[in-house]
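Student: Hey, can you work out the whole structure from these sequences and the hints?
Listed in order, the protein sequences are those of chains A and B.
Residue numbers are given in this note's numbering: position 613 of the first sequence equals residue 613, and the series is strictly consecutive.
Offset between the second sequence (1-based) and this note's numbering: plus 1000.
It should be emphasised that the hints constitute simulated quantities derived from the structure, not laboratory data.
What you are looking at is a predicted structure, and each value in this text was computed from that prediction instead of being measured.
Check before you lean on any hint, since a few could be wrong.
Stated by the list, open to error - The following residues of chain B were derived to be distant from chain A, with all beta-carbon distances above 10 Å:
1) G1188
2) R1342
3) I1459
4) R1501
5) E1507
What the hints assert, rightly or not - Straight-line alpha carbon distances no greater than 20 Å define the calculated SDA-like cross-link-like pairs of lysine to any residue that follow:
6) A/K310 to B/E1400
7) B/K1428 to A/H318
8) A/K587 to B/T1585
9) B/K1496 to B/G1506
Backbone N, C-alpha and C define an ideal beta-carbon position, used for all residues, glycine too.
There are 2 protein chains.
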Amino acid sequence: MAEPEQQVPQAVDSGVVARIVTDVYRLCLADDSGALADYIPELAAVQPDSFALCLATADGRVYGCGDVAASFTIQSISKPFTYALALADRGPAAVAERIDVEPSGEPFNEISLDPVTERPRNPMINAGAITAASLITGHDRTEKFERIRRCYSGFAGRELTMNAAVYASEARTGFRNRAIGYMLRSFGIIDSDPDEAVDTYFRQCSLDITCRDLALMAATLANNGLNPVTRERALSVALTEQVLSVMTTCGMYNAAGDWVTTVGLPAKSGVGGGILAVLPGQIGIAVYSPRLDKHGNSVRGVAACRELSKRLELHFLHVTRSGRTAIRAAYSVAEVPSRLQRTTDELAVLAEHGDRARVYELHGDLLFAGAERAVRAIEEQAGALEALVIDLRRVGEVSEIAVHMLDELQNELAAAGCRVAIVDPDSKMGHLVSSLDPNDPRGRVFIDRDTATEWCEDIVLDHHRPAGEPACTSMPIEDHPALAALSPDNRARLTKDFEVRTIARGEVIARRGSTRSGLYLILEGRVRITFEGADERTHRLVSLSAGMSFGEIPMLVGTPFVNEARAETSVRVAVLSPQRFDVLTEKAPELKLALLERLAAGAYAQMDAAVRAIAVRGGDY
Amino acid sequence: MAEPEQQVPQAVDSGVVARIVTDVYRLCLADDSGALADYIPELAAVQPDSFALCLATADGRVYGCGDVAASFTIQSISKPFTYALALADRGPAAVAERIDVEPSGEPFNEISLDPVTERPRNPMINAGAITAASLITGHDRTEKFERIRRCYSGFAGRELTMNAAVYASEARTGFRNRAIGYMLRSFGIIDSDPDEAVDTYFRQCSLDITCRDLALMAATLANNGLNPVTRERALSVALTEQVLSVMTTCGMYNAAGDWVTTVGLPAKSGVGGGILAVLPGQIGIAVYSPRLDKHGNSVRGVAACRELSKRLELHFLHVTRSGRTAIRAAYSVAEVPSRLQRTTDELAVLAEHGDRARVYELHGDLLFAGAERAVRAIEEQAGALEALVIDLRRVGEVSEIAVHMLDELQNELAAAGCRVAIVDPDSKMGHLVSSLDPNDPRGRVFIDRDTATEWCEDIVLDHHRPAGEPACTSMPIEDHPALAALSPDNRARLTKDFEVRTIARGEVIARRGSTRSGLYLILEGRVRITFEGADERTHRLVSLSAGMSFGEIPMLVGTPFVNEARAETSVRVAVLSPQRFDVLTEKAPELKLALLERLAAGAYAQMDAAVRAIAVRGGDY
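Tutor: Take a look at the structure:
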């Protein structure tokens, strides 16, 4: 219970958000209007000035001010939780046969049913709440109540206990609720002993909670039914949405409409002085102050929720632009090529036809509106496309409808002859796309965008490569462009200094940090130059193929390899060893200079292209 | 009006989303239950099978199926729009004195007021709607109605007209509404002629709309009151929120609670057969099908909204993770340095103390929950920080509370001796941070992150640079590290081949694409190497200072400059001209080789560091 004379707010912690909570607390502390509930002596006996305010985030951080550890009885705030348990126990359809979900426009304790449906108007009035209690599974009233107590405890993240004195008093004086119980029995809404249902209801209302407990219960609702502290699921996602829906229209007694307009948060209050409010996905709010207004809602509680909603802009209809900007970047493979270093012929084809393959990077949560934007943008280009990358790595949640829409889009594009590379290392799209069959006309799944882009380039090259010009995949050393331009004499002198080696796929050719190991001319296969990212994973800087070279700059300047070179396929290379290179330096410096100038030019252009590709893409400098 | 025998859905367009709309249309078309409104002959005379379904995005794209161009009277869907105009004309406080916002639990045409407040329960029942009509500004009924007509037309984006036959019939038979008008007059809720208010109400209900119009009206509400097609503001942001709030609890006659649970969209229906529903920020839905259920709502309309909400996951309490993940990346300046190339001494200081300056890149819309995460993460590090970059360039909307929180955070950090660089080229934070006073203890505003990071590095260097070791800012050519290591003879021979030049701040030293212009040793000042990004703006690749060099690789390999070099400050450089370089190549190849090896090593390391800084940062490969 609250300390007497408690007036100075006790901030639980410091910081920007804690100060905002404290400011609101101080502002509302000034109002001492309203009156304690007095229908039982226990409620009239609490410290009337007690006041606590907590704000909890959906990930479980609680900011609090005031008597956050003072106990009070949960009272009507229990209603949505027992309703939730009834929904879980019986299923929404069975519960809907007994309890409507319409705002009543009548006092919460009215002894009446809807004249047309002959059901309680909603689960937030006493008739609906007692019905919900009657629907809880259990052999007897002890087991039923224990299941309710455990359910609430799951939301709060600690074992709650009943206030025996309050229960005894409620049970002794609750004639009106007994009348409601018998009315429900007479209309067949309750099948079982109405006394048992009413007794269960009295017990649930008498559970002791603190403002901090209530904040975590709110945070659990905000977090889709998953307690963010204990990581225990208290309620399914679908039922959480349903309970919050009913709280939206019926939670605040007869002030529900005004509450939606001025606070705009699903909420529930109790005559014990508590209020719980929820911003789905984001925030839970709990207030305790026992003086009530004429509707039975805590005066300071309403004021604090209103002030927090206003200051923090928590109204649930508050519009943001999220979900609208699903496209993070869009470009053709001509604009941002893959890191596979292409031959001159290939580059010419891609320069002309590269706009037939486009990359769409998506981000944010992919709900309908965002997916619609993305699909619309892609459909507008679809007629001209032969291949497409959709990169989902930056996407958070992918809703079912977005999966369906992307899947449909893929069918549509496949029918038009365009294949789709989905970059989806975390399987956000699930089973819908086969990553196995390379001939699937719909496309493939990739774990990185670079490889997906390369695959799209290959499709464009297949379609548009001039006839009779197969890609060069293997060459004798004499034909390597690094030597081909030399005079026949010089070429002959150099060629015999090279050693031809075959390197197995996956093998490292030169490690990062290794000293100069040679000058390499690629005669067949692919070599991948990689670097380690901030994510501690290895990324491709560039891939090189037959006719290209590497190792020239380390060899020239005597520095270690700064990136790793690894055989991407089985590779055949011609290597000039450091020893031969040094001999060459002494005996024929001008030959060496000529060779190095050729090679360095190519290496520098490669490095430059890599800088450009990385820098250009993100638009993020 | 609808064509007779219209059964085959006319898809307005093709594509993934159009197909979803068509699917839902087909599904709902099958249900021909319900009855036409028949209280006036005009409503009973419409084509009962007519059916149209439109979905409009908040940016104005309309997907439609069926009789989307068939006219029908707006009827009760007019209520939220006249209420909106009344709020705009009189202000929310004055309107609240006349109309409550509580769900009524009574039929929409009840001749009664709330027994306690003696006001109409809400603006969606006839008593509230007639009161709203009476509050519209205007000299006479003609002007009042014309203002209403123009208001609706602003939402629809075209000039709407009244159906004279329906109006005449309503006016002839609307006894109940006249009774309500006189009741309102007798209670003083209407001050003026009740006949005029009722007549205005009849006229507004008789405005002809199409399903497409209704979709755009919904899209305008979804788009915060701004018509996304005409770009005209139909209603303020705050009033749009209020109107949607009231629609949430009171829009669907007596089925509001069930609607919130199963559809979960603010909505309004009319006995003409229309339904309008809104997902704030995202989607507007419109349906027309005149057969009504027992509540007076369109049978197919309710079914279509329910089905769309379920398939597209449009329920407004549907939780996403948006707003929770405000931090896009966080790292220290030791991990990702600025692109200013530091001296070895400086690098040593930054390696040891660089974790005292951190960069936080934020993204998404910055509402309270996201701002709380960001502020919390920064506060957790605050004790150890001397400088901080907060990069807002990727952030969308910044809410007022987020501005306040960041501002407070900056005060908090300033008090602890940590200065903050806000990267905010679009002034999202507005006036709150001075970008002018370089000594402001709170920090500065920057337009790019790289410069902000450099500023933070400077703070750390100022604090931790070993005493008596000022940064080297100027040197004679003999001391330049590129020459310092040569033998005295070689150094002397080379030095005289260099020419010392002074270059004014901002001047270009070497353009991208220019042929080799010389080998440059920086003796004083800073040179910035830049490249052009995909955004067609110029970005810094690296800045070089005294003791560093550039131009060596173009000189060595005879290629053009791939990036531009520009004087960042006034600069003093020593230049070896191409002519002298070529002479050197012939006369003393081994000297040239030695020089080039030294320089190329440095250049290569710089290029590598730049690749790494760019690649590492985004985490986006």
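Student: Would the non-interface assignment of B/R1501 survive a Cβ cutoff of 10 Å against chain A?
Tutor: Given that every Cβ of chain A is farther than 10 Å from that of B/R1501, nearest at about 25 Å, it holds.
Student: Does B/E1507 clear chain A by more than 10 Å, comparing its Cβ with all Cβ atoms of that chain?
Tutor: 23 Å, holds
Student: Going straight from one Cα to the other, do A/K587 and B/T1585 come out at no more than 20 Å?
Tutor: 16 Å, holds
Student: Against chain A, does B/I1459 keep a CB gap of more than 10 Å to every residue?
Tutor: 22 Å, holds
Student: Find the nearest Cβ of chain A to the Cβ of B/R1342 and say whether that gap is larger than 10 Å.
Tutor: 18 Å, holds
Student: Does the claim that B/G1188 lies outside the interface with chain A hold up, using a Cβ gap greater than 10 Å?
Tutor: 21 Å, holds
Student: Given the hint that A/K310 pairs with B/E1400, does the C-alpha gap stay at or below 20 Å?
Tutor: Answer holds: A/K310 to B/E1400 is near 10 Å, not above 20 Å.
Student: Are the Cα positions of B/K1428 and A/H318 separated by 20 Å at most?
Tutor: 19 Å, holds
Student: Please verify whether B/K1496 and B/G1506 have alpha carbons no more than 20 Å apart.
Tutor: 28 Å, violated
Going through the hint list in order, the structure does not satisfy hint 9, though it satisfies all others.
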